[in-house]
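Just so you know, the protein sequences line up as chains A and B, in that order. In my numbering, each number is its position in the first sequence, counted from 1, plus 4. In my numbering, each number is its position in the second sequence, counted from 1, plus 84.
Quick caveat, the hints were computed from the structure, so don't treat them as lab data. Any given hint could turn out to be false.
Stretches of chain B that chain A covers, calculated by requiring three or more beta carbons in the stretch to come under 8 Å of a beta carbon on chain A [said to hold, decoys possible]:
no., region
1, 159-168
2, 236-250
3, 332-343
Residues of chain B placed beyond 12 Å of chain A at every Cβ, according to the derived structure [stated by the list, open to error]:
no., residue
4, Y88
5, V89
6, A120
7, P143
8, A182
9, L193
10, R206
11, L232
12, W346
13, T369
14, L370
Computed, partial: chain A to chain B, Cβ under 7 Å [said to hold, decoys possible]:
no., residue
15, S84
16, E86
17, D89
18, E90
19, P234
20, A243
21, E433
On a predicted model such as this, the values are computed, not experimentally measured, just so you know. For each residue, glycine too, the CB sits at the ideal point set by N, CA and C.
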Amino acid sequence: MTRYLLGASAAALMLASIASPAFAQKENDTLRISWREELPSYDVYYASPRESVLLSRLVWDNLVDRDPVTHEYRPLLAESYEWIDEKTLEFKLRRNVTFHDGSPFTADDVAYTLNRVSSPEAAVVNPKMVNWIGSVEKVDDYTVRILMDEPFPAALEYLAAAVPIYPKAHYESGGPEGMSANPIGTGPYRVVEAVPGTSIKLEKNEDYFPDSPKGQPHIGRIEQRTIPDPQTQVAELMAGRLDWIWLVPPDIASRLETRPNIKVLPGETMRIGYVAFDTRGTSGVEYFKDRRVRQAVAHALNRDAIARNLIGAGSSVIHSACYPSQFGCEQNVRAYEYDPDKARALLAEAGYPSGFSVDIYGYRERHVTEAIIGDLQNVGIRANLNSVRFATFKEMNFEGTIPLRHGAFGAWSINDVSITMEGFFQGEEEDTIHDPELIAWNSEAKQIVDQDRRQELYTKALRRIADEAFWVPLHTYVTLYAFNSDLDFQPQPDEVARFYQARWK
Amino acid sequence: MVAYVIKRVGLALLVIFVVSLVGFLALRLTGDPAVAMAGEASSEADIRNIRLQYGFDRPILIQYADWLGRAVRGDFGVSNYFRLPVSDLIMSRFPTTALLAAFSISFALIISIPLGIIAAVRQNSWIDRLALLFAVSGQAMPNFWLALLLIVLFSVTYPLLPPSGSGEWVNFIMPTIVLGTHAMPALMRLTRNGMLDVLASDYMRTARAKGLRWYTVLFKHGLRNAMIPLVALTAVQFGFLLSGSIVTEAIFALHGLGHLAWESITRRDIPTVQAVLIILATFYTLLTLLGDLLNAWLDPRIRVS
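Chain A extracted, bound-state conformation (with noise of 0.2 Å):
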């Protein structure tokens, strides 16, 4: 019996010994992360997972840089910008950076990176994030000029987002496949080693330009690894071979709480939940045509109870169809407290005593949309539900064939609401209202930079959306994040995890 106790603790000890050691990487300063999408590339271009943003704000730099908390725009690559009129927008540009293979940062590279990923031969998968460029001018070497078939007012949020500037002469020889083997930029964080969709790791950049609003990294190494399985990623996290986990979920992050060692943090997102309908009749249901109809599925939702006790912490109620920070979101607009005896009411003025059954339509979170029938239900609609792909959705949004439903929209991280009104209020895409003052409105804010007007065209289109009740907005969704309680993190409503802020404790 001794011996085989003997031979299983030897056998402990080697396995213990070919483990890999399982404390924080603080001593280290190592931060490791994993993230559950594989990126088809390391050009961000041409990626579309968001994990591929966190990446870009690492390794590259854009030309202006939005502040996370006061959402101002702050030149980064730029020195300067101005509108030179409503199609033209000019920068000036830094004169002491240089990208990671020690070649200068000059107007050539901002020109080049930004013609050939706007043509559409380059077919990026984002196209919208740089479709609105025209052109690219090089003024001088440290001046460029952006020209635009339309006016884009937005412009400033876009580049902002996502649109990093890359070296001209490594991206001309190599093209995407060159630039996803071997990332080269200017940001705070140089690429070690990168392999395709698996792992990637970064070495902070010692000769990051000092002056940059993104400030100067703290932590010297960064390694993603990605683990598609979010219990495997809690596993490694638990076993201290990981420091930074997102998307977590909630079921998971309420029992990963009560680790000492582990900090769960929700954050809130700009990805709103919204209740819409098919205000035309397009589909062959007419209920919804009528606005008390509408009105009464606005009051008949208990939306504090779904945000709190089914998206969870740090999720909020909204009542206009956009999320507050960005540009043009009106807060001050009808707001429709629940009140299943006035959804009644309103629904017996309307002529349904007795409600009427209708097909819902959702693609996303069902048990969400199943607490939406059961509110309904409670004031005598009764909603059959539907649940279908995305791509579906979408589609039947395009014909208009979806009489009711249940969507969320992430609006890009863009803090314009310009995103919004153009997919779902101005005639296009998937607008199933067609509201002519709608269109009007929005497809003028859309086209005039003078940023007042637009403010006001914006305040009148939410406000007439939440009189109209053409949409109920639900709440914000929440992103749970978990790490190491060593490690100073704070989330952004933009879910771009801003790793060369981040810091051990």
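Based on these hints, arrange chain B on the given structure of chain A.
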């Protein structure tokens, strides 16, 4: 034998063809790939462009014929997601999956053959019952559940093994146990039943009556005959392990073919899904075919009937 081989090979080719056709149609039925590729904030024009660019606007059978024509020449097209040739992607992912399947089948055989023999020799003893219990639970327990239990035990409670990654051989220990455990029960029960049949046969009694040593009787006369069906089953199980490692690969973050298939389905990367599907189906069919042919070669009764 020649007629038998031709018949089996023809059948195998037919199976592969049907799998590819059904897979192709099923992928299209689950929604417009162009909409999924264009993403959340895309306009109708973006989607139309993608449809034209990838030829999704053509009749589905034409699209299939086009794909098949290139696939038989080894050209699986370009991944919508990675923008790389699908064949390159598959070549880079296949070794991990093949290694895992080889480890798992070896592990399964090492455990299940001896256990099956012991269970047969000591029929109805406690060890036979234990083996039965083991077989039933191994078959019944879902892969992901066993995987998570192992992770909790060996990575969180006792941090001995890494829960994810594929860089070192230690990364393969837990995935091998998980996949191997799933393949084991069938192999073990077949060994046991085969041995029981053989043990009751006349030539075994004769061998024993001749005064041969028990292990000579058991291994030289018994096991050899009991092995015949096991060879075929091992081939089939190996094919199953190659194609059935999707969940295991995802949990242990092994970037193999199964994981590629799973991720490609959620990304609606149709060229990749189709290629992986057809390759896995081909492997499975070929290994089953190999099992059949081996059986026929070992046991003349099969090829005659």
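Here is how each hint holds up against the structure:
no.	hint	verdict
1	159-168	holds (count 4)
2	236-250	holds (count 11)
3	332-343	holds (count 6)
4	Y88	44 Å, holds
5	V89	41 Å, holds
6	A120	4 Å, violated
7	P143	19 Å, holds
8	A182	18 Å, holds
9	L193	22 Å, holds
10	R206	22 Å, holds
11	L232	6 Å, violated
12	W346	8 Å, violated
13	T369	28 Å, holds
14	L370	28 Å, holds
15	S84	30 Å, violated
16	E86	29 Å, violated
17	D89	27 Å, violated
18	E90	23 Å, violated
19	P234	10 Å, violated
20	A243	5 Å, holds
21	E433	5 Å, holds
The structure does not agree with the numbered hints 6, 11, 12, 15, 16, 17, 18, 19 stated previously, though it agrees with the rest.
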